[in-house]
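Listed below, chain by chain, are the residues.
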Amino acid sequence: MLAPSLAIIAFVVVFPLVYSFYLSFTSYTLLRPIPAWNNFANYQRLLQDPIFGQAFLNTLLFMFVTVNAAFLMGLFLSQALARTIRGQSLLRTLLMVPMMFAPVMVGFQFRWFFNDQVGLVNNVLTSLGLLNGSIPWLVDRWLAMFSIGVATVWMNTPVVAIILLAGTLSISPELYEAADVDGANSWQKFRMITYPLLGPFITIALTILSLDVARGYDIVSIMTGGGPAHRTELLWTYVPRVAIQESKFGLGAAMSFVTVIVTVAFTLYLFRQLLKSRIL
Amino acid sequence: MRRSPRRRLSSALLDVLVWLILIVMLVPAFWLVFTSVRNPVEVNAKPPVWIPRELTLEGFMPLFGRATQMTGAIPFDRYFLNSTIVALVSTAIAVALGTMAGYVFARYRFRGKNALFLAIMLSRAVPGIALSLPLFLLFARISQAGPLKLIDTQLGLIIVYVTVNVPFTIWLMDGFFREIPPELSEAAQLDGCTEWQTFTLINLPLALPGLAASAIFAFLAAWNEFQIASVLTRTVNSKTAPVGLFDFTGQFTIDWRGMAAMSTVMMIPAIAFVLIVQRNLVRGLTFGAVK
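Chains A and B, in that order, give the protein sequences. Under the numbering used here, residue 280 is the last one in the first sequence; the count climbs by one each step, no gaps. Under the numbering used here, residue 291 is the last one in the second sequence; the count climbs by one each step, no gaps.
All clues given are correct.
With a straight-line cut-off of 25 Å between C-alpha atoms, the simulated SDA-like cross-links for lysine to any residue are:
#1 B/K149 - A/S247
#2 B/K149 - B/L137
#3 B/K149 - A/P4
#4 B/K149 - A/A10
#5 B/K113 - A/M1
#6 B/K113 - B/Q197
#7 B/K149 - A/L17
#8 A/K189 - A/L206
Just a few of them, taken from the derived set where beta-carbon distance is under 8 Å, the chain B residues facing chain A:
#9 N44
#10 P127
#11 L138
#12 T163
#13 M266
#14 M267
Quick list of the computed label-pair ranges, beta carbon to beta carbon:
#15 B/I23 - A/A36: 57 to 63 Å
#16 B/V265 - A/A69: 29 to 35 Å
#17 B/R53 - A/P4: 55 to 61 Å
#18 A/S247 - B/I85: 26 to 32 Å
#19 B/I21 - A/A36: 55 to 61 Å
#20 B/A272 - A/E246: 40 to 46 Å
The hints are simulated quantities; they were obtained by calculation from the structure and are not laboratory data. Ideal Cβ placement from N, Cα and C applies to all residues, glycine included.
Produce the complete structure using the sequences and hints provided.
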């Protein structure tokens, strides 16, 4: 009963990965279609490539900031929604709206919002009298990273909020009553009861979150495509540029392999945490 | 319990803050739907027109085979059909495979079980950029060699989406099967059920909510996937709706209204999903953790 799942994963994930690992040691390009072994030449070029280094650092920074931002936003929303609040069930449904968006749609929508000529953000700032001229949201390096980050956080916050909300609601109300008797304030109750008991839920939320952020190719490639002039290059935009548009299959394979190792190591760490709370 | 006035005030302020955050979060969704029914003059108007002054369905015309000034007709029916077939078939297969595997992980002990579980989950962590190139080369070679065509076909996409969705389904179903007391299975086997009967007659019906949740996750992932589809598809034979959205981008301009119209239509199945599975979704995601 396990075999079909393993077979298809082997065919579509493991085998291509092994193949791409092999390619990463060859000089395979569209012009030289017979892969010739060239040892570590691709890995050497990759280490000397300043744009790859930049993309690598950008990616780490981007993941660190967006995962944390989406997590904190989700945590705040879940705690705010777990209290009795007017219109609670409506609020919860509304919270899920960003989940209905295809990532491609998120990319296009935010690309338009942040457009410096016709975009909503500049337009609103101008009509409020806060802005004279236009802010080059998707042109300046840091502003562009910020804009992509906003889109990514927007799309990923709801899942975190929903999981943490479920976790918070599963905590026995008696604990809070006991804390009330002892005169604890809301911060103490959060710090001493909610947060520790949310542990496994936080791990699940972080795992799903980092998987989704690490697969966030669609948003970046649509909003800036890594440009202008490599300013917002992330591994997700740079690797396909080298591998597919420039058809340097060998070099691209080497780059994608570095990416796989980083992502898998990160996920492995999170899953270890998850398995601890699950299988034991 | 009575609350002090100060507490009540801060609680009311928090309510307002939460509502504000959610309203801001909803702007993109409203804007998308509004843009799709706007008069073209309003789309990029300065200052922005929030609520459309007049409604028009012109933006939806290119989807139904009518060219407009901005865009030619879009073979939307083909894209939509491809998306529907690919998403439905891959979901059915992924859920079937993932459910069986999840059952094995939940019920049986065997050597290397945790390591295998971990390996399967990690296969989901492999980013699409690392897969799309070797998959493309592999599929191209298979298509050249034999009768099996995997480039620019629905079959190629289905195979990929099944694989993408199997690990997550295993994770969810493992959690759901663990919730079912094993005593039920033991009793069934005492009464003479085979292992397969125990699975299909006893466990499967009890895990139906999990099946629904996984199905919808798998469907949405396939329905919205873009990256691999953009590499493996070429023509209307297999292009799915997310890839088709690019028909609205010209070299220098983008038909934002047409794109908003198509996005709005693409969201309908997703909205149905959220309304149907709200409950199962939360339960499904968190089952494994609390057990």
